[in-house]
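K.L.:
Protein sequences, first through last, are from chains A and B.
Per numbering that gives the first Met the number 0, the first sequence runs over residues 0 to 286.
Per numbering that gives the first Met the number 0, the second sequence runs over residues 0 to 408.
Calculated from the structure, these hints are not laboratory results.
Hints are supplied without guarantee of correctness; some may be wrong.
With the Cβ distance kept under 8 Å, some of the chain B side facing chain A (calculated, not the full set) [what the hints assert, rightly or not]: (1) 44; (2) 216; (3) 233; (4) 240; (5) 261.
All residues carry an ideal CB built from backbone N, CA and C; glycine is no exception.
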Amino acid sequence: MQALFGQLLLGLINGSFYALLSLGLAIIFGLVNVVNFAHGALYMAGAFLAWIGLSALGIGYWAALVLSPAAVGLLGVVIERTMLRRLYQLDNLYGLLLTFGLTLIIEGLFHHQYGNSGSSYPVPEMLQGGSNLGFMYLPRYRAWVVLVSVAVCFASWWVIERTKLGAYLRAGTENPRLLQAFGVNVPLMMTLTLGLGVGLAGFAGVMAAPIYQVSPGMGSNLIIVVFAVVVIGGMGSILGSIVTGLGLGLVEGLTKYLYPPAASTVVFAIMAVVLLLRPAGLFGRER
Amino acid sequence: MTRTIRNLALAALLGLSANAAVAADKVSDGVVKIGVLTDMTGYYSDLAGPGSVLAAKMAIHDFGGKVLGKPIELVSADHQNKADISSNTARKWFDEEKVDAIVDLVSSSTAGAVMPVAAEKKRITLLSGPATTAFTGEKCTAYNVHYTYNNWALANGTGREVVKNGGDSWFFVTADYVFGKSLEEDTSNVVKASGGKVLGSARHPSPGTTDFSSYLLQAQASGAKVIGLANAGSDTINCIKQAKEFGITPKQSLAGLLVFISDVHALGLDIAKGLYLTTAFYWDYDDHTRAWSKKFQSQPDNAKKAMPTMVQAGVYSAVTHYLQAIKAAGTDQADAVMAKMKATPVNDFFARGTIGPDGLFRHDMFLVQVKTPQESKYPWDYYKIVKKIPAVEAFPTVEAQKCPLAVKR
Numbered sequence: 000m001q002a003l004f005g006q007l008l009l010g011l012i013n014g015s016f017y018a019l020l021s022l023g024l025a026i027i028f029g030l031v032n033v034v035n036f037a038h039g040a041l042y043m044a045g046a047f048l049a050w051i052g053l054s055a056l057g058i059g060y061w062a063a064l065v066l067s068p069a070a071v072g073l074l075g076v077v078i079e080r081t082m083l084r085r086l087y088q089l090d091n092l093y094g095l096l097l098t099f100g101l102t103l104i105i106e107g108l109f110h111h112q113y114g115n116s117g118s119s120y121p122v123p124e125m126l127q128g129g130s131n132l133g134f135m136y137l138p139r140y141r142a143w144v145v146l147v148s149v150a151v152c153f154a155s156w157w158v159i160e161r162t163k164l165g166a167y168l169r170a171g172t173e174n175p176r177l178l179q180a181f182g183v184n185v186p187l188m189m190t191l192t193l194g195l196g197v198g199l200a201g202f203a204g205v206m207a208a209p210i211y212q213v214s215p216g217m218g219s220n221l222i223i224v225v226f227a228v229v230v231i232g233g234m235g236s237i238l239g240s241i242v243t244g245l246g247l248g249l250v251e252g253l254t255k256y257l258y259p260p261a262a263s264t265v266v267f268a269i270m271a272v273v274l275l276l277r278p279a280g281l282f283g284r285e286r
Numbered sequence: 000m001t002r003t004i005r006n007l008a009l010a011a012l013l014g015l016s017a018n019a020a021v022a023a024d025k026v027s028d029g030v031v032k033i034g035v036l037t038d039m040t041g042y043y044s045d046l047a048g049p050g051s052v053l054a055a056k057m058a059i060h061d062f063g064g065k066v067l068g069k070p071i072e073l074v075s076a077d078h079q080n081k082a083d084i085s086s087n088t089a090r091k092w093f094d095e096e097k098v099d100a101i102v103d104l105v106s107s108s109t110a111g112a113v114m115p116v117a118a119e120k121k122r123i124t125l126l127s128g129p130a131t132t133a134f135t136g137e138k139c140t141a142y143n144v145h146y147t148y149n150n151w152a153l154a155n156g157t158g159r160e161v162v163k164n165g166g167d168s169w170f171f172v173t174a175d176y177v178f179g180k181s182l183e184e185d186t187s188n189v190v191k192a193s194g195g196k197v198l199g200s201a202r203h204p205s206p207g208t209t210d211f212s213s214y215l216l217q218a219q220a221s222g223a224k225v226i227g228l229a230n231a232g233s234d235t236i237n238c239i240k241q242a243k244e245f246g247i248t249p250k251q252s253l254a255g256l257l258v259f260i261s262d263v264h265a266l267g268l269d270i271a272k273g274l275y276l277t278t279a280f281y282w283d284y285d286d287h288t289r290a291w292s293k294k295f296q297s298q299p300d301n302a303k304k305a306m307p308t309m310v311q312a313g314v315y316s317a318v319t320h321y322l323q324a325i326k327a328a329g330t331d332q333a334d335a336v337m338a339k340m341k342a343t344p345v346n347d348f349f350a351r352g353t354i355g356p357d358g359l360f361r362h363d364m365f366l367v368q369v370k371t372p373q374e375s376k377y378p379w380d381y382y383k384i385v386k387k388i389p390a391v392e393a394f395p396t397v398e399a400q401k402c403p404l405a406v407k408r
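Let the hints inform the model, and build the full structure from the sequences given.
P.N.:
Below, the structure written as structure tokens:
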């Protein structure tokens, strides 16, 4: 029983990362209609910028939590303005291929500069240590990850689904020309949305830096699962990606308890079943 | 007059071809070519990769760039840790590019793919990086030298000494593929033989796992005194980091079964401190190791100014020993060179020992413990030597290896 609770809690922690990353992907796909394959690389870039900030400039964790996502978001804006924008008229596939190419380039650059082993980022002093819950030892930092991820996810959902700005964004996806006729600068809005989605990847990167080794491959290890999460949740569904991210983390944890060898494949088995029964995903709409 | 010239020309031609024939006897194709086949960009690129290419380059340069009057050339390629790419590259090198020996072959799957090709073509493989013990056991070939370390040496060095120091109950966190399983098995045998117990193991997919907490919690729940990490590279790094995060260390101690100095550098001493590991080489061991390592560190190709790992130092030593054998044998013909390499003891900064009839280089190994940040006085000052393990204890005997070429049944 103890082990079960332990694995479920760990699953929830991993699920928070899935949710945070798939949220960014879902925002970008839902509102800008781009399948952003570079999401993992940008997550890695977020973690690396935090580490570079700390080791070269003495910028601490708390500042990095703001600065690094901002820098990654800015990079996203540049990519959107100079490259992605030209592909909006074409099939989704072109955007996917472009961002896949960017992934290889970004990872290659970091690899060339910092090598494969990467570097380790210390846990911030305030969040060191942990507490014994009886069934497992919970590091304080992991608890923080769960809290912050859930808060950020639901804040994003609220902004998009419940505010006027969010209404503009959603209207922009439905009918950009009509919205533009009302005097809203739709291209600018798309750019900012992409910056926000990508910034979330950078944010997840900073959150991950103290837990995982900061290395060029850290994003590609995670991104495949995250894509599965987005597909299961329903491409472009904000709430779907959050709920599915957390839920699949739990399912993974449960599998680790029941039958560990299947833990790395259970997500994909679920994805196959969901695609067969509900091709648009659990929370997606048929288009 | 024309006749004299014609005769002279004829004589010169004859003389030339006679010379060429003599040289061809000594050095095939008029060049000794060494291929470094390694992981240039992936998982193992920091511990082997470009550093191995650099080490081979230094060895050739230090040898004078020529052997038996013929130039020594270097080629290198990225095997991407894939068996098919490795064997295809090896075939191309042997058939079209006149490569005489392939060195490095980090990651056992690549070495296992190249060794049979090399044996078929009668070319030499010098392994520095792969760990599978069977390469000089049941899978041995007549043209292979297993140079730097193998699983048996790692398991024995760390397993036996840790049990002796009181760590008598073990739990393994193991990479779920051939290398990890064989390392776990070898170490379990040693632990049991030394009077310890093995309480269990957890196997993780590799590569591709980044979160090890669930495996580590199983290890924690087992109550074992020692958690053996039967994995390598970034898996080991993440395990060590997360063990600290979950408060597992220092209550239970970690034993890294395959840890390189590049891993310790990436982790930082605050996280890696106290870790026991077995290594074939430490740059700061004596004046010879320091002199060579500082030279390696200051090469312009070494952009990160990294100290050499045991794999990279092993590449240098293996290439040098190979070239010396060619010089002593007076030919680069593989059978003669192999015989010379096995007959001549190695005695350089890297190691002292001999290559057995099975192709295993038996030399001293070191059990070391990672220093704390307070103990470390200068950059890369990472290890305390706990024990020098003499060659006879560090590696299996020829009889134990059961290489069909070396042991008559």
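K.L.:
Should the interface hint for residue 233 of chain B be scored as holding, given a Cβ-Cβ cut-off of 8 Å against chain A?
P.N.:
Since chain A brings a Cβ to about 6 Å from residue 233 of chain B, closer than 8 Å, the hint holds.
K.L.:
Under 8 Å, Cβ to Cβ, is where residue 216 of chain B needs to be relative to chain A, so tell me if that hint holds or is violated.
P.N.:
holds, 5 Å
K.L.:
Quick one, is the residue 261 of chain B hint okay against chain A at 8 Å, beta carbons?
P.N.:
Cβ of residue 261 of chain B sits 6 Å from chain A, so the hint holds.
K.L.:
So, residue 44 of chain B near chain A? Judge it on the closest CB pair being under 8 Å.
P.N.:
Holds, about 5 Å.
K.L.:
Taking the least C-beta to C-beta distance, is residue 240 of chain B closer than 8 Å to chain A?
P.N.:
Holds, about 6 Å.
Comparing the model with each numbered hint stated earlier shows that all of them hold.
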